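*Asks:* Just so you know, the sequences run in chain order E and C. Letter by letter, the first sequence follows residues 0 to 423 in numbering that gives the first Met the number 0. Letter by letter, the second sequence follows residues 0 to 231 in numbering that gives the first Met the number 0.
Hints are computed from structural coordinates only; laboratory data are not their basis. All values reported here derive from a predicted model rather than from experimental measurement. Virtual Cβ for every residue (Gly too), placed ideally from N, Cα, C. Where hints are given, some of them may not hold.
Here are the simulated EDC-like pairs of lysine to aspartate or glutamate, each with C-alpha atoms no more than 20 Å apart in a straight line [stated by the list, open to error]:
| # | chain 1 | residue 1 | chain 2 | residue 2 |
| --- | --- | --- | --- | --- |
| 1 | E | 49 | E | 112 |
| 2 | E | 49 | E | 254 |
| 3 | E | 6 | C | 106 |
| 4 | C | 210 | C | 177 |
| 5 | C | 79 | E | 67 |
| 6 | C | 79 | C | 65 |
| 7 | C | 124 | C | 63 |
| 8 | E | 49 | E | 313 |
| 9 | E | 49 | E | 238 |
| 10 | C | 140 | E | 268 |
| 11 | C | 142 | E | 171 |
| 12 | C | 222 | C | 70 |
| 13 | C | 144 | E | 254 |
| 14 | E | 86 | E | 150 |
| 15 | C | 144 | E | 313 |
| 16 | E | 66 | E | 254 |
| 17 | C | 86 | E | 133 |
| 18 | C | 142 | E | 11 |
| 19 | E | 196 | E | 222 |
Label pairs and their computed distance ranges (CB to CB) [stated by the list, open to error]:
| # | chain 1 | residue 1 | chain 2 | residue 2 | range |
| --- | --- | --- | --- | --- | --- |
| 20 | C | 144 | E | 329 | 50 to 60 Å |
| 21 | C | 227 | E | 13 | 26 to 36 Å |
| 22 | C | 23 | E | 286 | 37 to 47 Å |
| 23 | E | 13 | C | 120 | 47 to 57 Å |
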Amino acid sequence: MLRFFIKGLIRDRQRSLLPIIVVSLGVMLAVLMQAWITGILGDIIDFNSKFATGHVKIMSQAYNDIKDQKPNDLALMKASDFMSKLKLKYPDMIWVERIGFGGLIDSPDENGETREQGPAMGMAVDLLSEESHEVERLSLQNNLVRGELPDSYDEVLLSEVFSQRLKVNPGDQVTLITSTMYGAMSITNFTVSGTIKFGAPVLDRGGILADISGIRMAMDMEDTVGEILGYFIDGEYDDEKAEAFSNLFNLANTDPDDTFSPVMVKLSDQDDLLSGYLDMVGYMQSIIISIFLAAMAIVLWNAGLLGGLRRYGEMGLRMAIGEHKGHIYRSLISESLIIGIVGSVVGTAIGLFFARLLENGMDFSDMLEGSTMMMSGIYKAKITPETYYIGFIPGILATVFGAALAGIGIYKRQTAQLFKELQA
Amino acid sequence: MKNGTIITIDNLVKRFPIGGGHFTALEDINLKIETGEFTGLVGPSGSGKTTMLNIIGSLDNPSEGDVIVMDTSMRGISAKRASTLRKQHLGFIFQTYNLMQVYTVYENVEFPLLLLKMTSSGRKKAVLNALEWVGLTDKIKSKPKQLSGGESQRVAIARAMVKRPQMVLADEPTANLDAENSHHILRTMEKLNKELNTTFLFATHDDKVIKYMRRIIRLEDGKVVADNLVKN
């Protein structure tokens, strides 16, 4: 009997091909959307964690209270000792030192007079130690536009956009005007070793990247550090794990009465905007998939109703021959299940194909020129295990639900009425 | 097939609700039909022929009175019992053939046997037999759209007869056929009636059909106005 119905299903294109196309299209969109949103979300987390937040960040409590101002006067003291203890106590984490700073970059002309000036947003990282992996973590080599990476404490990288605005080329000298951690004015010359494209408009506008030893000297921050970033060893951010870890750390290390005692803050708690954005993207993902599920169910319900109307004659005939209503209803559901499965498989395959193409990303940097968010301008899709099955949920559910709703119309119809329609 | 009364109609009344009131389609019908009859319910449109056929075929219920078909009362019959009765004992032939367009002639005729869960070999034998009765063994792989009207109705007859039902209900079976095809169809049904002793009950107002009937029950405005045996 099932073979008989499958044969009919395959031969009747309005019953098979059309619904399969509808389901495939819907599933393809769901799969692509999931991969795209996951990719963007993952990129935002990845980008922020690498450049600014880590998976967790340790600061002094006082620094944390006004961390947006990069208050290096509130930095952690005895940094090397603290780092050694961290590495010893938490060997399954990767720990790196960072100093964030702001200032003015002055590019002099041939007479040493100011030619151009611009506000800079700087980041000092460990570029020179042998054990450091910051160059790889920040993909500096890949993002180098001109020149080369710093190989000395008095060399810096400028963002390409910033270097053009300052009319500075690799090899030129620039002056960083900032303040030491004790509040004194600091004027330090650096050589621009190269220019870089950070990939985030907010950094590309005025970014400067220096080795941490050079900045320590310039800002009088010997053996102090503004922020210590921690990364899970598998490289994947896990909010629950980060929450548990930071609670444990803070219980052991944070003294509520000592504002200079360290405090650990997980990624999603560091930035209200980022946290809100991550939440929003999560909600959006659920909402879009729910709306999509409902919309597709309505479309398929209508398709089922239209198909059902077209098949009232067949239903009446089958009932006249002796098929029970319940059997007809179940056969409609079975048909929709087959269509749902085939449509979901086809849609997932097509969705994965396009997601694979989008794994390289699309560049929206131009559109994000004014953005203040720390996010990559290149939006990539990311295929996760979820991508392989997410489309089956709306694909099968909506198809079966649509057929079930349409079938109720047939089920409720009186036998004699169907019989009359059969004769019409 | 043993002889005896196959249908007993006892004070049958059928009303349909219309607006706030009712329309009486059948009123106080009393009839008996014996096994092996070749009988026509004859009358103009709206006389109640199809309504009576539907009730006999367990597709509709009486409003009052009762119709007993093969010892089964149609009064309050459950949907499941009705479908079992139709599946096992009744065959239907329609004015518009109602073949399933996506299936071949063979598959259309095979369908009632699938519902009876017959074996594949049993189905094949029965389908080929049925198609032989109606002279369509050369068309088993054809689709309904490749057939003429007469051929389509012969397929419908084969489909109705393939399970060897005790009774076939035919509603205006020749309405869409020309004279030659109508006679061909009727001769086929007459032959099956005689060879297999299957009861045939027609609803018709076509004179070509009426000529073949051995009993004519004339309906007018929902009432039996004449019930005559015909000597051929």
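*Asks:* Please list, smallest to largest, the hint numbers that this structure does not respect.
*Replies:* 1, 2, 5, 7, 8, 10, 11, 12, 13, 14, 17, 19, 20, 21, 22, 23
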